[in-house]
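Asker: The lines below spell out each chain.
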Amino acid sequence: MAEPRKQVLELLVNNHPGVMVHVAGLFARRAFNLEGIWCGPLADGGRSRMLLLLAERRPLEQVIRQLEKLQDVVSVKAWPDAREELFQVPGWGAG
Amino acid sequence: MKANGAEIVTTLLERQGIGVVAGIPGGANLPLYDALGRSRIRHVLARHEQGAGFIAQGMARATGRAGVCLGTSGPGATNLLTAIADARLDSIPLVAITGQVPSALIGTDAFQEVDTYGLTAPITKHNYLVRRASELLSTLPEAFEIAESGRPGPVVIDIPKDVLAQEVELEAWPEMRRRTDPPEPHPAQVAALARAIDGAERPVLYVGGGVIASEASDVLRRLAHRNSIPVTTTLPGLGAIAADDVLSLGMLGMHGARYTNRVLDEADLLIALGARFDDRATGKLSEFCEHARIAHVDIDPSEIDKLKPTNLRLVADVGATLRALLPQVAPRRRRRWNGRVVELRRQYPMVDPPVEGRFQPRPLIEQLARLADPDCIVATDVGQHQMWVAQYFPFRRPRSLLTSGGLGTMGFGLPAAIGAALAKPHQRVICVTGDGSLLMNLQELATLAELELPVTVILMNNGHLGLVRQQQELFYGARYHATRFERSPDFVTIAEGFGVRGVPLGRAAHPEDALAEALRRAGPTLVDVPIPPLENVLPMVPPGASNRTMIDREACHG
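Heads up: the sequence lines are chains A and B, in that order.
Take the first sequence: its position 64, counting from 1, is numbered 64 in the working numbering, and each next residue is one higher.
Take the second sequence: its position 5, counting from 1, is numbered 5 in the working numbering, and each next residue is one higher.
Check the hints yourself; a few may be wrong.
Said to hold, decoys possible - Take a look, some chain A residues computed to stay more than 12 Å from chain B by CB distance: (1) Leu53; (2) Ala55; (3) Glu56.
As the list claims (entries may be wrong) - Pairs of lysine-lysine residues, derived as DSS-like cross-links and limited to a Cα-Cα distance of at most 25 Å, are as follows: (4) Lys6(A) - Lys77(A); (5) Lys284(B) - Lys306(B); (6) Lys69(A) - Lys308(B); (7) Lys306(B) - Lys6(A); (8) Lys306(B) - Lys77(A).
These aren't lab readings, by the way, just hints derived from the structure by calculation.
We treat Cβ as the ideally placed atom computed from N, Cα and C, and that holds for glycine.
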C-alpha cells in the first residue's frame, strides 16, 4: 500500500456554527486522517474558507464526493501541492 | 400579519400538504402542540418517540412523500434517533421536528437538554438548529426539498422553546418546495450503456431501492423484457419487478436463492440500478460478479466506485436513465443466456425446508400470500421472519414491502404498519413480525387499538432471537447464549389487554379459516403463530464469505 500522502482540500462553506460538526464528523466517521484544519470567514461574512490537511493512503475522490453532499459545503477543491507550512504555527514547534 | 414560530411550523406543514403527523408532546415542544391543536393537521399520539418516527416512516415508505414526526427535547429527541438513522440508511424522506430547551439555557445542561444537532448530524441528510422564528420561513420548505430530492433522506429541525413562542411580523407565506428535478442522464453515457448491453452475452440487472424511490418499475420491466435481461433485486428492491415475472431471479445475497447467486457469478455485465453493493447483497466483494463488467446508475455520486470499481458510471435518476435507454436497446431474445438461467435454476434450486409439522415458515408465508388481498402492504420486522417473507412472499408491486433493510431495526414493523395504514386507508396492512421484534415496540399496540386501523399482525413466535440463535448454531459451535427467551408472554392476552383482538392460531380448530378471517376483519388483529422454535433461514452465505459458498440444509445437518 502507498505511503500516506499529505494533501490539502479547500472548502467553501456556509458560515454557521454547525458546519464544523458536519465536516469534522465526516472525516472521523469515514476514518479519514485529518491532520490540520484552518478556517476563516470571508469578507461577506456569510461564507467561510476552510483548508483541511490530510494524510491519506486512499484516493480522495470518495471523501470529496461525501463532502460535496453536505448541504453547507458550497465547493470542494483539491490543491495540487500540499503546502503544509500553512498549517504550522510559528513558535508551536510543530512540523 | 403576525405569527409565532409554532404557528409558522404548523401553517407551513399544512401548506406542504401534510395531513398527518406522529409524535409525543413534552415541555420543550408544548408551544408547537398548542398551535397544532388549532391547525387542520391530524396528530397521531404514539406511545414512544421511536414509534412516532417509524409511523412517519411507514407513511413515507408507502407513499414516497416525506413523513413528519415530532418529539420534545432530551429523551424525546434521543428516542427518535433510531428511526432517523434507519431512514438515512434506507434513503427514506423524513422530517423530524424536535423541541429544544430555551435558547438562553442551551449549553447549561438544563432539564431535558441534549445536543440534538450534534447527535443527528451523522445520521441525517441535513439538520438545523433554528435560532430565530423568522428562519423557519426558509428552513421548513428547504427541509422538505432536501428530504425528498435526489437521494431521499431524513432532515431534523431542532427548535428551542422560545423560538416556537417568538412572534414574527410577516408579509406573505413562502412558496412550498418539493423534490427538485433530478439530474438528466448524460446522453453519451446512456449510449455507452446501450452499447455495453448490446455487446454483453450474459447481462443481469441488479435492482435496489433506488428503482422504487424513482418510481421506475414500469420502465425497468419494459427494458428487461425488450432485451431479455434477468433481474435480481436487493431486499429494499423487492416489488420493483413482479416475483412471478419470467425474468425475475428473486433476491440476491446472503439469503437469496442459490441459483440467483450462481447466475450473478456467470454474468459478463452487471447493471446496478439504484443499489449500493451492500455486504448482505454482495458477500465477499472481491468475488462478487468476478467475471462481469460493472455499470452503475445512481443518483448519489458518492455511491459510484465506493465499494466496487465500475466500468461505466451514470449519475442520474434511474427512471430518467431507463427511459432514455429503452429506445436505444435493441430487442433481443438471449435464448442461450436465459436457457442457462433455467438450467442453473434446476441445478441450484431454492432448497426446500421440510414442510411436515405445523406452521412451518415457508408454507405459512405461502398460505399468507394466497389468503391476503393482492393489494395489501406487508411491513416486516427484522430477523428470520423478515427473510422468510423476502424469500417466499411474491411481491408484485413497488412499495408493497416495507422493511428495515440497512439499519435492520427490530421494532420497525408495527409502527411502520400503522403509518402505512394511515397513508393508505383503503389497503389492508399486514405486519409480519417475530416475538423478539414485536417486544421492542410493543407499546404501539395501544396506538393501533386507538386508531382501529385494518392492520393484521402475524406474529411468527418461536421464543427465540431466531436469526442470532441460527448464527450461534452455524458459526459458534451451537453454543447458545442469550438467544432463547426463558419465559415468553402470552401475546394473545397482551393484545387483548391493549384492545387488539388476539387469535391463538395454535389453538384454532381450522387455522386456515382463522387466518383468512383475521386478514379480512375490520380493525386490528394479532395472530399468534407458534412456529417451530429451531428452524433456520436457508440457504445462507456466512458473513464475510463469497456468495458461492452457501450453506444449505444438508450442510447444516451434515
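Asker: Run every hint past the structure and note whether it holds.
Answerer: Against the structure, the hints:
no.	hint	verdict
1	Leu53	22 Å, holds
2	Ala55	21 Å, holds
3	Glu56	16 Å, holds
4	Lys6(A) - Lys77(A)	15 Å, holds
5	Lys284(B) - Lys306(B)	15 Å, holds
6	Lys69(A) - Lys308(B)	20 Å, holds
7	Lys306(B) - Lys6(A)	22 Å, holds
8	Lys306(B) - Lys77(A)	19 Å, holds
Comparing the model with each numbered hint stated earlier shows that all of them hold.
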